[in-house]
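J.: So you can see what is in the structure, the chains are spelled out below.
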Amino acid sequence: MTDTKMDRVFAHAVREELIHGVTKPSRIRHRRRWIGLGIVVGFGVLAGGGTAIAASIWGVPGTPQQTTLIPPEHFTETGTATVVLSAAPAHTNDVQLSLVCLSPGSFTFSDGASVECGPSDIGASSAVSTYDLPAKPGQTSVTITASPGAHWSLTAGWTIKTTTPWGTNGRGQTYGAQNSNGTPDLIAAVATNGKTGYVFAKQLADADGDTAAQHFTSPAQALAWQKVHAGKTTVIPVYESDGTTQIGVFNVGS
Amino acid sequence: MEDGWEELSDWSRALKRDPRAFARIFDRHEGRVFRHSLNLGASFHDAEDVTAASFFELWRRRDKVRIVEGSTLPWLLVTATNISLNSRRSLRRYRTVLDRLPRTTDIDENVRLGSSIDKNEDLYRSLKQLNPTDGSLLVLTAVDGVAINDAARLLGISDGAARVRLHRARKRLQNQLDRSGDTRPHAEGVGR
Chain A
1 MTDTKMDRVF AHAVREELIH GVTKPSRIRH RRRWIGLGIV VGFGVLAGGG TAIAASIWGV
61 PGTPQQTTLI PPEHFTETGT ATVVLSAAPA HTNDVQLSLV CLSPGSFTFS DGASVECGPS
121 DIGASSAVST YDLPAKPGQT SVTITASPGA HWSLTAGWTI KTTTPWGTNG RGQTYGAQNS
181 NGTPDLIAAV ATNGKTGYVF AKQLADADGD TAAQHFTSPA QALAWQKVHA GKTTVIPVYE
241 SDGTTQIGVF NVGS
Chain B
1 MEDGWEELSD WSRALKRDPR AFARIFDRHE GRVFRHSLNL GASFHDAEDV TAASFFELWR
61 RRDKVRIVEG STLPWLLVTA TNISLNSRRS LRRYRTVLDR LPRTTDIDEN VRLGSSIDKN
121 EDLYRSLKQL NPTDGSLLVL TAVDGVAIND AARLLGISDG AARVRLHRAR KRLQNQLDRS
181 GDTRPHAEGV GR
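From first to last, the protein sequence lines stand for chains A and B. For the first sequence, counting from 1, position 80 maps to 80 in the working numbering; every step adds exactly one. For the second sequence, counting from 1, position 37 maps to 37 in the working numbering; every step adds exactly one.
The set of hints was computed from the structure by calculation and includes no laboratory data. No experiment lies behind these values; they were computed from the predicted model shown. Do not take every clue at face value.
Only part of the chain A face toward chain B is listed, based on derived beta-carbon distances under 10 Å [what the hints assert, rightly or not]:
1. Arg15
2. Glu16
3. Val22
4. Ser110
To give a feel for the contact side, a few chain B residues facing chain A, derived at Cβ under 10 Å [as the list claims (entries may be wrong)]:
5. Ala21
6. His45
7. Ala47
8. Arg93
9. Thr96
10. Gln174
All residues carry an ideal CB built from backbone N, CA and C; glycine is no exception.
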C-alpha cells in the first residue's frame with residue numbers, strides 16, 4: 001500500500017496542468033478583482049498570467065501574445081447554446097472569447113470557468129468578460145452553459161497564442177514577466193507613479209520576505225520576522241530594462 | 001505535516017503565482033491523497049481522477065483553503081473525501097481536462113487493482129450514508145491520523161462538536177458495517 005502510486009504519466013500530466021493553471025490568466029470570477037486592485041492600489045508586479053491587458057498595451061517580454069487569424073464572429077443566444085464557428089485556420093491553438101451578459105444569470109464556459117451577472121451589471125462594463133480557451137483538435141463550436149432564459153452575446157475568434165521570450169539587457173540580465181519558465185532577473189512592475197518598468201527579483205524577494213523564508217527553520221522565526229516587519233513598507237526602485245536607469249519606486253508590504 | 005514551514009512558504013509563493021511552488025505542493029502530497037482515495041474504495045483510475053480534481057480544487061478555491069498545522073494536506077484529504085463520496089457531480093467540472101490527460105496505456109487495469117489495496121466497498125458504501133462532515137471527520141481521524149482538534153478546525157466546527165459527531169459517526173458506521181457483515185481489519189479500526 002505504501003508504494004502504491006498514481007500512473008506516473010498521468011501524475012506528470014496533472015502536474016503540468018497545475019503549473020499551467022497557476023500561470024494562465026485568472027479565471028473570470030477573479031478578473032474583476034485584479035482590475036480593481038490595479039485601479040485602487042496603482043501598482044503591481046506583472047506575472048505572465050492575469051495581466052493580459054497590461055501586456056497587450058505594453059508588450060512585456062515573457063507574457064502570452066495572441067495573433068488573430070480571421071475576423072471574430074458574433075452571436076446572440078438565450079440559455080445554454082452551442083455556437084458554430086468558421087473553420088479554424090491552420091496552427092490555431094486558442095479561441096478568444098468575449099461574453100456580454102444581456103440579462104442577469106450565470107454563464108459557464110466549457111472548462112468550468114463561470115461568470116455571474118446581477119441586475120446592476122447589465123449595460124455596464126462589468127457585463128463584459130473576456131476569456132480564452134485552448135483550441136481542441138477538430139473543434140468547430142463553443143458552448144456556453146447559461147441559466148434558463150439568460151440572454152447573452154458572444155464574440156469568438158481563432159487565435160495563435162504564444163509566450164514571448166524574456167529580454168536580455170546589455171549586462172546579460174533577463175527581464176520580463178514571471179511565467180511557467182520561472183522568474184527573470186528583472187520582473188516587470190508598475191511603479192507608484194504609473195510608469196511601467198522592472199524591479200530586481202532579488203530586491204523584491206528580500207523585501208517581501210521570500211529571501212528570509214529560505215532560512216526560517218520554524219514558524220516561530222517566521223512570526224518573529226512578520227512582527228518586525230508588520231505595518232512597514234519597503235520601497236524598492238523600478239528601472240528601465242537596462243537595470244540602471246531608475247524611473248520610479250515600488251512599495252512592498254504596505 | 002512535519003515540513004509545515006516549508007509548505008507554508010511554498011503556499012505563500014504559490015498564491016503569488018509561482019508555478020514551481022505549487023508543483024512542490026503537488027509533489028509533496030499527491031501520493032498521500034491518492035492512497036487516501038484508494039482507501040475510500042475508489043478504483044485505481046477513479047482514485048487518480050479524485051486526486052487530480054482535489055489539486056485542481058486546491059488552486060480554484062485557493063482563497064478559501066484552510067491551512068492546518070502549516071499544511072494543505074488536511075484540506076486536500078477533506079476535498080478528496082467529498083469528491084470521492086460524491087464523485088459524479090464533483091468530477092463533472094474537470095471531466096474534460098481529466099479525459100484529455102495522457103495515461104500509460106500498456107498497464108492492464110487488473111494489474112493496477114492487484115497492486116493496490118483490497119477494495120473497501122462496504123466501507124465506501126457506509127461512508128456515503130453519513131453526513132459529509134461526519135464522513136470527513138471520521139476518515140481524517142481514523143484513516144489519515146489527523147488529530148481531532150485539527151480536523152475540527154479544518155471542518156469549521158468546535159472540538160466538542162467534533163468529538164460528539166465522531167462518536168455518533170463511529171457507532172453509525174459500525175452498525176452499518178455489522179449489517180453488511182464486514183469484519184475486515186480496516187472496519188475495526190474505523191469502528192473503535
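J.: Each hint: holds or not?
T.: Here is what the structure says about each hint:
1. For the restraint placing Arg15/A at the interface with chain B, the shortest Cβ-Cβ distance is roughly 5 Å, inside the 10 Å limit, so the hint holds.
2. Against a cut-off of 10 Å between C-beta atoms, the interface hint on Glu16/A holds, since the closest Cβ of chain B lies about 9 Å away.
3. Because the smallest distance between the Cβ of Val22/A and any Cβ of chain B comes to about 4 Å, under 10 Å, the interface hint for this residue holds.
4. Evaluation of the Ser110/A hint against chain B yields a held restraint, the C-beta minimum of about 7 Å falling below 10 Å.
5. Hint on Ala21/B holds. Least Cβ distance to chain A is approximately 8 Å, under the 10 Å limit.
6. Interface restraint check: His45/B against chain A, minimum CB-CB distance 9 Å, threshold 10 Å, status holds.
7. For Ala47/B, the suggested interface contact is upheld, since its CB lies about 8 Å from the closest CB of chain A, less than 10 Å.
8. This hint holds: Arg93/B has a C-beta 4 Å from the nearest C-beta of chain A, less than the 10 Å allowed.
9. Look at Thr96/B: its Cβ gets to within about 6 Å of chain A, closer than 10 Å, so that hint holds up.
10. Violation of the interface hint for Gln174/B is found here, the shortest Cβ-Cβ separation to chain A being roughly 23 Å, above the 10 Å cut-off.
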